[in-house]
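Participant: Okay, here's what each chain looks like letter by letter:
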Amino acid sequence: MTIEIIRGTTTKPAATDKLIELFRETSGLEGQLIVGFPNLGGQPEDATADALWLSREYGPVLFDLVEGTEVGDFERRQDDLFRLFQSRLFQNRDLVRKRELLVTPYVVTFAPRVTTLGVSTSVATITDGKSLFPEIRNFGRQNLDTEVYEKLLSAAQSISSIRRARQTRVVQKADSRGAKLIKLESSIATLDNKQHHAVVETIEGVQRLRGLAGSGKTIILALKVAYLHGRHPDWRIAVTFYTRALKEQFRQLITTFCVEQSGAEPDWDRIHIINAWGGRGGIDRTGIYKQFCDKNQVEYFDLQTAAERFGRSNAFEGAVKEALLKARNPLPLYDVILVDEAQDFPPPFLRMCYSMLGEERRLVYAYDELQSLNGDGLPDAREIFGTDDQGRPLVSFDESTYDLGARRDIVLEKCYRNSRPLLATAHALGFGIYREARNSEEIGLVQIFDQPRLWRDIGYHVSGGELLPGKKVALARSPESSPKFLEAHSPSSDLIQFHQFDSASEQNEWVANEVQKNLTQDELRFDDIMVVNPNPFTARKNLGPLRRMLLDLGVNNHIAGVDMSTDVFFAPDRESITFTGINRAKGNEAGMVYVVNSQEGNDNRGNLAVVRNRLFTAITRSKAWVRVCGIGAEMDLLMQEFESVKRAQFELDFDYPTDSQRERLRIVHREISSADETQISQTGEAMKHFIEGVRSGQLYKEDLPPDLLDQLKTMLESEQERG
Amino acid sequence: MLLRELGELTGHLIEIGIVDAQNYSTIQQLSGNTWTVSQAGTQLNLALKKRPYEEIYLELLSGSSFTLLLLDGALMQFSYEGSGEEVVRHRLAYLPSPTLLPYQNDPELYLREFHFVDIVGHQVVPVPVRFDFDAREDVARDLVHPVSHLTLGQYQHCRVPVSRPASPREFAEFIVHSFYSTPEMPRLNLKPHVLGLRPTITANELKTLHFSIPGAK
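Top line first, the protein sequences correspond to chains R and G. Here the first sequence stands for residues 1 to 723, where the numbers follow this note's numbering. Here the second sequence stands for residues 1001 to 1217, where the numbers follow this note's numbering.
The set of hints was computed from the structure by calculation and includes no laboratory data. Positions of the beta carbon are idealized from the N, C-alpha and C atoms, including for glycine. Hints are supplied without guarantee of correctness; some may be wrong.
Said to hold, decoys possible - Once the Cα atoms are required to be at most 16 angstroms apart in a straight line, the calculated EDC-like pairs of lysine to aspartate or glutamate come out as:
| hint | chain 1 | residue 1 | chain 2 | residue 2 |
| --- | --- | --- | --- | --- |
| 1 | R | Lys-130 | R | Glu-299 |
| 2 | R | Lys-517 | R | Asp-552 |
| 3 | R | Lys-541 | G | Glu-1015 |
| 4 | R | Lys-194 | R | Asp-457 |
| 5 | R | Lys-194 | R | Glu-150 |
| 6 | R | Lys-541 | G | Glu-1108 |
As the list claims (entries may be wrong) - Where chain R lies over chain G, by a calculated footprint (3+ residues, C-beta under 8 angstroms):
| hint | stretch |
| --- | --- |
| 7 | 1020 to 1029 |
| 8 | 1066 to 1076 |
| 9 | 1132 to 1140 |
Between the sequences and the hints, there should be enough to build the whole structure, so can you do that?
Facilitator: Below, the structure is given as structure tokens:
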């Protein structure tokens, strides 16, 4: 039996530390101690629960902590806690029998610095460090059975009925797709234990939240904001993100959570939901970077001027770096900054956020290394945040004794959006697990994690072989990481399908007809359907004819163009199907996803990692069904990969690459800019001409300058040795 | 004919990827044999007349009162009013985004799904363009308020004379050729359906600088 301690944020550090210490020193305790419990609701002047201990033996014990020697009106505070917590428990049918609660909440005031004891009154108990557990024992054991205890845990932790209630669905057929979505949506409406802990755990310093798409990162961040705001109404909190569409989502979530927790709207002077960059024109337009420039009086660049100065693909990174360089001693602006989609930002942006915080450096960032659409994930903490003058990293995710009970590095391995077959297929394609080697490649794999342990982090377990470089391995998802209910609603042959067509117009015709069927027969709503073109550069050109075709069938549709608020584009009452390229698809999900022109770029060599990441992202937009469509021979190849993963029962069965193979993958399939691309193809052409010339006898290899020839020879030789 | 021309031009602009969203125009029969062709929310325009342009734009966008939404955030509105076979009034508006860079200045920005497109400096000077036509009695005044006129930039009394009313196709082609074309792009060539719009320009107006819409092809 062990006790699990979850450390949230508190305004009473000394008493909190003492309480944690006592719990850790006392043997034989079990259950969970949550320190800095989220508000229980009630009126603003009501007391808040400083800690809650849940155990089978004693049931729920709430703590009222006293930091100094003044105990104040502890009886009233205890009454508040009892009243609010009891009413929360009463909301749960499973905890009530014959009008009585099955558990009794206990409340105790813990005042470690008060020396005169014996202030217990008939109803309230006050205690110091020595007498805490004896007092609790006096309450008497409740010895809850497992079922009641589980219900208690989930009742105590239900901070919110999370999912934003979209327009209610009306379905007539019990097994239509629409009906299935209703069931799915209600199954994922509550937080699980781990998600709940991730909300509460607070540390001074940098905290990292990793998880797959659909693991609840955005919701956890929004809840964290509400939680921190509730506990520290005076803190200045900023939330930032990459996709603008998230702004509205955050605003709604935070408002809901604050209202649920404290009955009041959040104070928007204290919580800023702002863009990363930010334009001119007041608080609605401002961003992290813009504020940094204003506060520290350094030059601000907009997109155009930054692109001119630093190049288009480097615009934001260049601007951020320049500002950091110019502001020698950045001034603090916020008490906490939370960053969503951190994988999409250039690393200096996180350093900028870090530099805008007070001494406590409370930075929380959520990221998904697999969703990085630009080919590579974030570098490690030392590289992002730099080192101090002694060469020690400023930020490290190794645990230190201080944060016992609050993790610096939180991993959410459970994915609530994509079913197991869908996610495994997306991973298989994203990494090229079942891809055949082509051209002169040694292996078919496209990319792989640097550290094999990351597979475990994202919810795979080894079902065969060994997870080691150079060994054969089989990786599978478990019901813990991919809940059964996500796939139980439909056969796997319906969850995910691949379709190959001979021409774009055949593909479009098929998709248009299916979409129409979804609307007329399957009881899906317009906002349940999304059509994604994985290549952002060809999206408009490719999607145009299909959009027109649908329009001719009388189905209205739109393309998610310039970042506009979700209100305009994902509004449920808007009877229009969303079309999008991959960049605008991010952060959004739909029940039925059509991925079209999936074969584009599949014959690339360089850039293939990016192409595969896009495919991965496109597939993982779906919370129920996905149709991967494409044209021609390249689509055949993708279908073969899909057949392989299906045959393997959605396990990833492959030879784990050796370190040198991994290194080569990184080079071969790396991301290349369009300028590089031109250069590579030009060089390739020149080489081809040269080789053809030598072959046909028109040229001699000795025509090349001797030192050039030598260099070429050395390069090729060292390549051979490595391979 | 009006609806057919509108439908075809919408389809075409969607296919080439310039239009992001659209609202269907409908025909409404009013008293007698008068009718209107427009999208929902046309009345909103009048209510908003005195407000700052940015507010007007956002209101129209969020209220979905546009016929077409173009890829750089510009809105297009087409509304016609008629009696029997005759068009009596029209209001054709092009309302560019007050905060986004015009497409033409940087097409890649919009064609390649760039992020941070909304982070623009002082480069944006939105110039709304309106073709108005009103043949009702007692509205027009020679030179001062031509029956067909062009208004630039929401200037209250800006009414450049125009030779005759414009069909949806003529207006769309004018906007696309002027604001959405690059030298490499093929020019639009849509099929006309609305024919027989007669000249309205007066002899005096002809003597001043004016816009002339050519006769039927």
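Participant: Do three or more residues from the stretch 1132 to 1140 of chain G put their C-beta atoms closer than 8 angstroms to C-beta atoms of chain R?
Facilitator: Answer violated; 0 residues pass the 8 angstroms Cβ test.
Participant: Given the hint that Lys-194/R pairs with Asp-457/R, does the C-alpha gap stay at or below 16 angstroms?
Facilitator: Judged against 16 angstroms, a Cα distance of about 14 angstroms means the pair holds.
Participant: Holds or violated: the stretch 1020 to 1029 of chain G covered by chain R, criterion of 3 or more residues with Cβ-Cβ distance under 8 angstroms?
Facilitator: holds (count 4)
Participant: Per the coverage rule (Cβ-Cβ under 8 angstroms, at least three residues), is the stretch 1066 to 1076 of chain G covered by chain R?
Facilitator: holds (count 4)
Participant: Regarding the pair Lys-517/R and Asp-552/R, is the alpha-carbon distance no greater than 16 angstroms?
Facilitator: holds, 15 angstroms
Participant: Given the proposed pairing of Lys-541/R with Glu-1015/G, does the C-alpha separation stay at or below 16 angstroms?
Facilitator: Within the cut-off at roughly 7 angstroms; holds.
Participant: Tell me if the straight-line CA distance from Lys-541/R to Glu-1108/G falls inside 16 angstroms.
Facilitator: holds, 13 angstroms
Participant: Verify the proposed pairing of Lys-130/R with Glu-299/R, using a straight-line Cα cut of 16 angstroms.
Facilitator: Judged against 16 angstroms, a Cα distance of about 59 angstroms means the pair is violated.
Participant: Quickly compare the C-alpha distance for Lys-194/R and Glu-150/R to 16 angstroms and report which way the hint goes.
Facilitator: holds, 14 angstroms
Of the hints listed earlier, those the structure fails to meet are numbers 1 and 9, in rising order.
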